[in-house]
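There are 2 protein chains.
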Amino acid sequence: MKSNDLKDMLGRVKLTPVQKAQSILLQELSTISPGTHCCSLADSLHRVLASDILSPEDLPPYPRSTMDGFAVRAEDTFGATPSMPAYLEIDGEVRMGQMPEGSVKKSKCYRIATGGMLPDDSDAVMMFEHTIPVDDQMIEVVKSIGSGANVIKRGEDIQKNSPALLKGHSLRPQDLGLLAGLGIAEVEVFAKAKVGILSTGDEIIHWSETPPPGKIRDINSLTLTAACEELGAEVTDFGIVSDEEDIFFNTVKQAVAENNIVLFSGGSSVGMRDLGERVIEKLGNPGILVHGVALKPGKPVLIGLCHNTSIFGLPGHPVSAMVCFELFVKPAILSFAGHVNPLPKHQATIRAKLDRNLNSAAGRLDCIRVQLQEQKDELPRAIPVLGRSGAISTLSRAHGYFFIDETSQGCNKETEVEVHLLT
Amino acid sequence: MKSNDLKDMLGRVKLTPVQKAQSILLQELSTISPGTHCCSLADSLHRVLASDILSPEDLPPYPRSTMDGFAVRAEDTFGATPSMPAYLEIDGEVRMGQMPEGSVKKSKCYRIATGGMLPDDSDAVMMFEHTIPVDDQMIEVVKSIGSGANVIKRGEDIQKNSPALLKGHSLRPQDLGLLAGLGIAEVEVFAKAKVGILSTGDEIIHWSETPPPGKIRDINSLTLTAACEELGAEVTDFGIVSDEEDIFFNTVKQAVAENNIVLFSGGSSVGMRDLGERVIEKLGNPGILVHGVALKPGKPVLIGLCHNTSIFGLPGHPVSAMVCFELFVKPAILSFAGHVNPLPKHQATIRAKLDRNLNSAAGRLDCIRVQLQEQKDELPRAIPVLGRSGAISTLSRAHGYFFIDETSQGCNKETEVEVHLLT
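Residue numbers (this note's numbering), protein chains in the order written: chain A, 2 to 424; chain B, 2 to 424.
Just chain A, same shape as in the assembly (with noise of 0.2 Å):
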């Protein structure tokens, strides 16, 4: 893409809506294979399988009984009623994790608890509640049951060779246990994204240190690495990086060499900017693919592929770079972990009613931080946190955040929103 695509015939900046953007960004990626591995089931949590996985067996191996109880003949109880009861020798009992011997006759059931694999020639497992017993040798049945009742069948989780979970699916606890079940003590994941931070500005200095007066404290590194961990990337940190500009585009090349995805921040002043974009379409193709997106805050970002590798120009101010990896570089890091689908549709989210009026300019995104106050009986409040994007405690009250989208001026009290958790 030439960069006199992305300004109009003044020369402005044509800024991109963030949805044509998204899509713009995720296009160039989804042409990227990710890299994929071994992993032990143990440690596969929150991995993202790299090929579909069939069932090698029958889940559970054998039937199982679902209740304690008696084994039957269904057939054997067909009619039973508490007045016209049938009745059932005990001809044996199931030990639990041991094969039951011999097979069950007609008129005859064996004892059986839950978990307990049937005996051959029975069908059916009657609950101790719908039995009277006897004697020790014999029970009276009290209802008439169906082939099946109370039996897990074999195969009936999950059948040999059918298919357990797909290509792209990231393992959830559940997800484990299904695979724990079939024995399956290995899977092939895709790699973990690689995501290379730095920050920019001689104004900048690490967090640990105390600034003397003109110099502030690195904020994004951290909030940015802690986000990307909590979306499983490894996260090298490249430090705070001068901008003059060799130092800046060797740093970056490197970062870009060793790590899918490269965010660098700081730099919100225009010469800051101007050496970011230059940074991006000296590395390599295609360069700079969106330059500027209409939403607010978060406006000036910069999104580039070089070769390979993502690159995010993310803006200085602190809640502008959140809102803007929430919007690009969270989908950008699914996308390198294999995500199915990096860019749900649907995400959960809370309804809220919003507690005073907002004004939006038509035309662009607004992502409103807001607190969540629960109310008794109805939906919680939605009381916007407002303040500037540059300051970090903004964020860090708010519970969530909503869109006011591009189509309208604003929001009305009173309306119901929908607020995406800050977890």
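Since the hints were made in silico from the structure, they are not lab data. Where hints are given, some of them may not hold.
One copy or two, either will do: identical chains are not told apart, so a pair holds if it fits within one copy or between any two.
What the hints assert, rightly or not - With a cut-off of at most 20 Å between alpha-carbon atoms, the simulated SDA-like pairs for lysine to any residue come out as follows: (1) Lys331 / Thr424; (2) Lys300 / Glu130; (3) Lys195 / Asp44; (4) Lys331 / Ala349; (5) Lys106 / Glu259; (6) Lys195 / Lys331; (7) Lys331 / His47; (8) Lys161 / Thr211; (9) Lys377 / Glu419; (10) Lys21 / Pro332; (11) Lys354 / Glu419; (12) Lys21 / Lys377; (13) Lys283 / Ala258.
Chain A is already provided as a structure; the job is to place chain B on it using the hints.
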């Protein structure tokens, strides 16, 4: 609590409503003080603060420009318009990261970039866009601005001695950013909840082994371990334990001595359930708190407390175990980890339309697993995943779950439901 309080006049076990069971549990846990320790800021993501943090200083420590432009005395711009501009002499430049030399005199200004420290006697920043250069020394200002414009004041983000974050707050990326900005390198946090997990049942073998007929691989240990670890708990695996009373008692006793929470599962039979009950009662007061809840699946859960350790006897069926985990174990873990609100009244959900009619019994909370199917321009469909609570694949196929409450006898097709994501 005497165990006969838990039975009705006919000796049947009374089922406790879910909400009541939760409040009984959390009420007991609220009296237990979790341990605390110091943690370096860089390692503190998702840890819970054990004390309030007051800001040790003003942030920012000096007024900073939020724009590229000129630091001015606002009063020098009053009345300026494009047709009647004010003229200001450029008397200096603020170098990034340095304290400005001198001060801004009347009708003068300093060049300043975003993030620069305001020079003495300036109180606003005029953006480049609202100036026209006359020559190297002089600008025309075409707009009037007020004091404080384009400036983040000293302490505007957060003031010295004001509360930055409160005890019980779980640290998110932006919270680390705030603390980094304040130079707080260590925080006092609550200890992670320690959870001991054991499985019972003579039919259960470790998931890495091949089950002979009659045995089956352990699913719950790995699922529960992963679910605990997702919440930041530290898990000790006590393995698969015989249901021989002495062995079982001694293992649970050791697990109780070493952990905040002990989970045992796998005993779905009446005998195992009675054993679990006896062991909890024997281990110490108050013993059993809840003996069965009005919940499907998950009815037979045992909830106990022995001294300061919470014990859960989870159903052996994997889906039942996970539902009980979500509703009871998760709040217990969050409570031990120091969260202020372990039982959030409002959880983020996805609204969806139910895809079929469902029946349910009044007086019981039903947890319905669903797949979500996205729709164009309308709410997604929630398609119930039917199947037995013994089938882990039903939970693996589900995207989330919703509840049919105790007062309902079902839920009609097209009803709007709030789906909790299983992420």
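These are the hints, each one checked on the structure:
Taking the shortest alpha-carbon separations for Lys331 and Thr424, both the intra-copy value of 14 Å and the inter-copy value of 16 Å come in at or below 20 Å. When the C-alpha separation of Lys300 and Glu130 is checked against a cutoff of 20 Å, the pair qualifies only between copies, where the shortest distance is 16 Å, while the shortest distance within a copy is 68 Å. In this assembly of identical chains, the alpha carbons of Lys195 and Asp44 lie at most 20 Å apart whether taken from the same copy (18 Å) or from different copies (19 Å). With identical chains, the CA atoms of Lys331 and Ala349 are at most 20 Å apart both within one copy (16 Å) and between copies (19 Å).
Proximity of Lys106 to Glu259 under the C-alpha cut-off of 20 Å is found in neither arrangement, the shortest distances being 69 Å within a copy and 50 Å between copies. Taking the shortest alpha-carbon separations for Lys195 and Lys331, only the intra-copy value of 12 Å comes in at or below 20 Å, while the best inter-copy value is 31 Å. Within a single copy, Lys331 and His47 get their C-alpha atoms as close as 15 Å, and across copies as close as 18 Å, so both meet the 20 Å cut-off. Proximity of Lys161 to Thr211 under the C-alpha cut-off of 20 Å is restricted to the inter-copy arrangement: shortest distance 15 Å between copies versus 63 Å within a copy.
For a Cα distance limit of 20 Å, the shortest separation of Lys377 from Glu419 qualifies both inside one copy, at 19 Å, and across copies, at 18 Å. When the C-alpha separation of Lys21 and Pro332 is checked against a cutoff of 20 Å, the pair qualifies only within one copy, where the shortest distance is 13 Å, while the shortest distance between copies is 41 Å. In this homomeric assembly, Lys354 and Glu419 come within 20 Å of each other (Cα to Cα) both inside a single copy, at 9 Å, and across copies, at 17 Å. Taking the shortest alpha-carbon separations for Lys21 and Lys377, only the inter-copy value of 18 Å comes in at or below 20 Å, while the best intra-copy value is 40 Å.
Only within a single protomer do Lys283 and Ala258 lie at most 20 Å apart by alpha-carbon distance; the minimum there is 14 Å, versus 62 Å between protomers.
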